[in-house]
Amino acid sequence: MRQLGLAAAIREGIVQEMRADDSVILLGEDVGKFGGAFHVTHDLLDEFGAERVWDTPISEAGFTGLGIGAALTGLRAIVEYQYLDFIFCAMDQVVNQAAKIHLMSGGRAKVPLVLRGPQGATGRGAQHSQSIEGYFMHTPGMKVVLPSTPYDAKGLIISAIRDDNPVLFVEHKLLYGAASPGGGKALSDSAIQAIGMDVPEAPYAIPLGEADIKREGEDVTIIATLLMLHRALALAEQMQAEGVSVEVIDPRSLAPLDVETIAASVAKTNRAVVVSEDTARAGVSAELVATINDHCFYDLEAPVQRVAAVDAPIPFGPASERHAIPQVEDIRAAVLRALSD
Amino acid sequence: MRQLGLAAAIREGIVQEMRADDSVILLGEDVGKFGGAFHVTHDLLDEFGAERVWDTPISEAGFTGLGIGAALTGLRAIVEYQYLDFIFCAMDQVVNQAAKIHLMSGGRAKVPLVLRGPQGATGRGAQHSQSIEGYFMHTPGMKVVLPSTPYDAKGLIISAIRDDNPVLFVEHKLLYGAASPGGGKALSDSAIQAIGMDVPEAPYAIPLGEADIKREGEDVTIIATLLMLHRALALAEQMQAEGVSVEVIDPRSLAPLDVETIAASVAKTNRAVVVSEDTARAGVSAELVATINDHCFYDLEAPVQRVAAVDAPIPFGPASERHAIPQVEDIRAAVLRALSD
Amino acid sequence: MSATLEIRRDPVDCAGADRELLLRIFRKMLEAREFEEQLYYLFLTTAMPGTMHQAVGQEAVAVGVVSALKADDTITSTHRGHAHCVAKDVPLNDMMAEMFAKREGSCRGMGGSMHLTDFSKGMLGAFAIVGSGIPIATGAALSARVRGSGQVAVSFFGDGAVNEGVFHEALNMAALWKLPAIYIIENNQYALSMTVAESSALPDLAARACAYDMPSARVDGNDVLAVYEATREAVERARAGGGPTLIEALTYRIRGHARFEAAGYRPEAEVQAWKEADPIERLAAGMIAAGAVTEAQLSQIRAEAEADVEAAIDYAGRCTDVGAEDYLAYITAET
Amino acid sequence: MSATLEIRRDPVDCAGADRELLLRIFRKMLEAREFEEQLYYLFLTTAMPGTMHQAVGQEAVAVGVVSALKADDTITSTHRGHAHCVAKDVPLNDMMAEMFAKREGSCRGMGGSMHLTDFSKGMLGAFAIVGSGIPIATGAALSARVRGSGQVAVSFFGDGAVNEGVFHEALNMAALWKLPAIYIIENNQYALSMTVAESSALPDLAARACAYDMPSARVDGNDVLAVYEATREAVERARAGGGPTLIEALTYRIRGHARFEAAGYRPEAEVQAWKEADPIERLAAGMIAAGAVTEAQLSQIRAEAEADVEAAIDYAGRCTDVGAEDYLAYITAET
Ligand SMILES: Cc1ncc(C[n+]2csc(CCOP(=O)(O)OP(=O)(O)O)c2C)c(N)n1
Ligand SMILES: Cc1ncc(C[n+]2csc(CCOP(=O)(O)OP(=O)(O)O)c2C)c(N)n1
Ligand SMILES: [Mg+2]
Ligand SMILES: [Mg+2]
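Chains as they are written, first to last, in my numbering: chain A, 58 to 398; chain B, 58 to 398; chain C, 96 to 430; chain D, 96 to 430.
Derived from the structure by calculation, the hints contain no laboratory data.
Certain hints may be false.
Here are the simulated SDA-like cross-link-like pairs (lysine to any residue), alpha carbons at most 20 Å apart as the crow flies [stated by the list, open to error]:
#, chain 1, residue 1, chain 2, residue 2
1, D, K273, B, A359
2, A, K325, A, G300
3, B, K90, C, E328
4, D, K273, B, K325
5, C, K273, C, E328
6, B, K325, B, A359
7, B, K167, D, A428
8, B, K90, C, K273
All of these numbers come straight from a predicted model, not from anything done at the bench.
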């Protein structure tokens, strides 16, 4: 079947929804003429024109608010942040407005809004490297979606666009699978698996809130997203050779979270490791540990092991950055701890 | 000994530090002429003048940045948000700047900055009721402090002002113990305990990161902050009569977190309940559960029970708000679950 | 500058004004006033939840602006939004029920005073984070343009809101793209305790439009026809593709900032002077002077407005309190 | 408007200018240029970490502004900050070591190109979130005022940054309180792919000062003495308590936005025209014309600048790579 990279798959999902539904518009910095800093919106301006693809000034709070206003009045807005680190400039609009409007209006207002952009540590220093999903998993009223493969990405972006709630769609720079025209080297990572690259051309939707078991196993369950999912799979492959059977689950969506799939797996393996690139304290890994504690306590033969970024701003120096972000060997150590007890 | 309410105790700590150290300044909306929407900065303008107490325009991002710039150049800035809900307007300045500058500069820059204000659900609707500490507990580089009594408040605000890192100082409207000149009814709550109201007049500092055992017990450990601490104590009192001995721990600081005190208590009681007013998903309660899981798994005779706000924007209607926020009976149910297994 | 403008007390010049329009405007202003007068009383005497911010004395801005709009034009409101809702035809019953947190409220008891909303009336929301409604209204204007609906979007906000970054970001984009947006600064001269001169380097707030090359106007906010006229021009320009307008309406917050706030930071004489410039009485005098109505007719209208608010209070009394789990249905929208 | 301004190629008028000043300026501009030329080469040929944004062609702004400051005055910089650091006397060795993520780097390898900082030189930080340094510099100005230090604080930012809300919020407070702040818009005519006319309703960016009743100036950003002169006036005003100034310096980003970005969205002729307006060559020609230096002396200075950058590269090569756990020491400051 035809193969696509992550950026191209996301782009295809957006294009197909924009063709199918005139109410879908795009807002963001350099998304039109330039095609997006990571090429995701390449050529969309040519196809859909300036009334559907808005090249905005550098005004994150402002154009997020524009997206909300558009979403409240009959459009479906897709807002791109050039790096997700910049969404904090729009935090009030996201947390206090977009996420709360539906409830504040007693359900009379809907906010079909997709907030998307890239994240992940790639040697850019603290202001261009953080993983932000934890802040939004903690924000009621938001959905949070994270594709780890091109196949998932297309199906999830289509569902996100069709959803009537604000959806944060988190992309990882290292998974885009293409060089950034914004001047970056072609980013890549040795652990990235060539999986889920067969992408059907016809539109398809993957429901938000359904986890995917990316690898079946018996001895221990690893729950991971984005780049960490790939590192978990790389480790699972290694450990297979060592006689350890690892099950790897990709939640794909953190809000809503598919607790059933996770609980069923832990009930089977009795051992769990959660891995996330966001910082540990009160982050995604904390919630996954707490969720497993809530639902699977009596199934556990060892404490759930968590692997997450060190609680620090991401340093620039490569050796330090590497230490701050979970590596395959960190996941291995956690799996061994989970198996040791 | 002389008794003070929480607002007065915080004020006294600020006043004493401003007298002792000319480099301490205050910035915020209506903090001068008006004395602060909740009276915490009452009369400070008269004593310290307009060069130390800055009545700002409604520009949260801007005056937070001013506080950072002042902190970088020899001052210690205290920034008030009229409600902590509004700190999201300044989120980039807090998360990407204040919290990251020290590391980005290789330790050469220090940011002695206190960010403070009130939070808590008091019938104001979704934009004036949320509890925000979880977002900042998740932000590396920040310290997060939450006083539940006047005694703690004075000692903690003094330490926060003297600290060389950005410190979020979270106050709860219902604990202020005074009517708001901003037009509120005198807020109160039946569960609030008259504890820690003896406040020494001389300045004193409570180290950040030291939990306080507010009540000793044998059967189960409750970890709670702010208003929830009071509700936990009210419950402990009730359960004493029922023959259940509850230990109640007030972390007082979530970052850094006093894991030792918590772990020692859980090792003793073997059962734990965590209570926080912020929403559950990826919030404070999740981190506390995960921390106990990390450190005390083999001490636990039952899963850690978590009690937190329902994952929803806070509704206006009183019955709904009450349902969304943990009540004494919710904590009771959790304690019974913890004891049942 | 705003702090030192002379206060006008003269009757509103109603010569040649459409009588039906005058009557509607007068009636709406009275309803807004009466609604808040009753609220104040109800807060004192009943267990009304939450808080409220009164726009007593500012009614001419809300009513003057909205009277120049079509029913399907949209507005965003603020924490001080009762008058905007009344002007936009949100039913008094729904509003009062919302104040009492009833299921029948305009937001089903989920929003309350600071978030009174009614989508069916083009009222997109009351945003209580100062300034946050400005880009949202701008997005509604962008949407009208994309959908080719011919609607205009109006954002109401206070003199304090102009110092929020979103004011700047939104006005720049609206002017850059010539969006059909109208920005109404309700300059009631205070942001809680802060005067305009204490918070704005350029206290002439309409003049801030210069930074966006945007047309602007400064009007007597207690002269409802002046407000109406300025808005009408802005609406015409917006519908014709001429882009946005910034309108500063000078008025005064007669009451405290919120509920029982005493506003001791204001000179008594200043408050007194503005009380004498009451926009409702100025309109009444103008209508009489122009022979548009008789004193008897005015009293008649006053009585009707009072009766309607009374009826709304009775209605709210018959409604059902919000239940403990009501809100669970409103966390996520069903797609 | 900026998009259509005529490009000046004439020699900088150096008549009467202080020779020492000219030499320092010329030398600094050369060091900034050479530093970035070498960086580009090093990125191509070595495993240099991260990315970088070149200010080639914009050196006159950084050097002209900083030359009008005292050593203890403070500045904030951006993602495009190398020239600001050079101008503010951050040692080339420390800068180059930082680029290579060495422990001896100006930020101990923790910051990199986008966060080059040196507190000992009054360089408060390079803030790579567009606009975020503006309120921070304003806070440094407030601090100077509170401490009575007589310092001024300068914030450098691009034409794209003026559309961030913090620009608006900070400039209003600085003007309101007459803080000793100077705002430098480095208008290189593009924000990544966006022209000023595509992103600002009022492309005359200096004119935005009107909204804050703030003095402003628009200068030829490739004429280093014009930049110097405008800054000197602003510094005088600031030190005298006259408050802030907004200065727009018109220049051009000769290279792509970042590292190898091709900038295909720009007309080749436009790039060519600006290359011929090179600020270093315009200064060189002006110095010769004024008889301030000889060609031989100029070549001598060029050789010295190149040698210093070479030496910095060698130095960086001898430094120690950042270790895996280095950063753990910088998470929390010891009080
Ligand atoms: C972002 C934000 N900051 C502060 C507040 C607290 N607050 C509520 S109303 C108000 C004053 C607003 O003044 P103005 O914009 O003039 O409106 P007015 O109250 O005069 O109608 C303030 C500071 C808020 N709600 N939101
Ligand atoms: C808040 C924020 N939004 C977007 C970006 C991505 N970005 C980095 S530089 C840049 C263009 C900035 O243009 P300008 O301010 O003119 O500075 P220049 O690059 O031209 O020096 C953008 C959009 C960012 N770093 N921060
Ligand atoms: Mg006002
Ligand atoms: Mg630029």
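A quick look at each hint next to the structure:
no.	hint	in the structure
1	D:K273 to B:A359	violated, 62 Å
2	A:K325 to A:G300	holds, 17 Å
3	B:K90 to C:E328	violated, 40 Å
4	D:K273 to B:K325	violated, 60 Å
5	C:K273 to C:E328	holds, 15 Å
6	B:K325 to B:A359	holds, 13 Å
7	B:K167 to D:A428	holds, 7 Å
8	B:K90 to C:K273	violated, 41 Å
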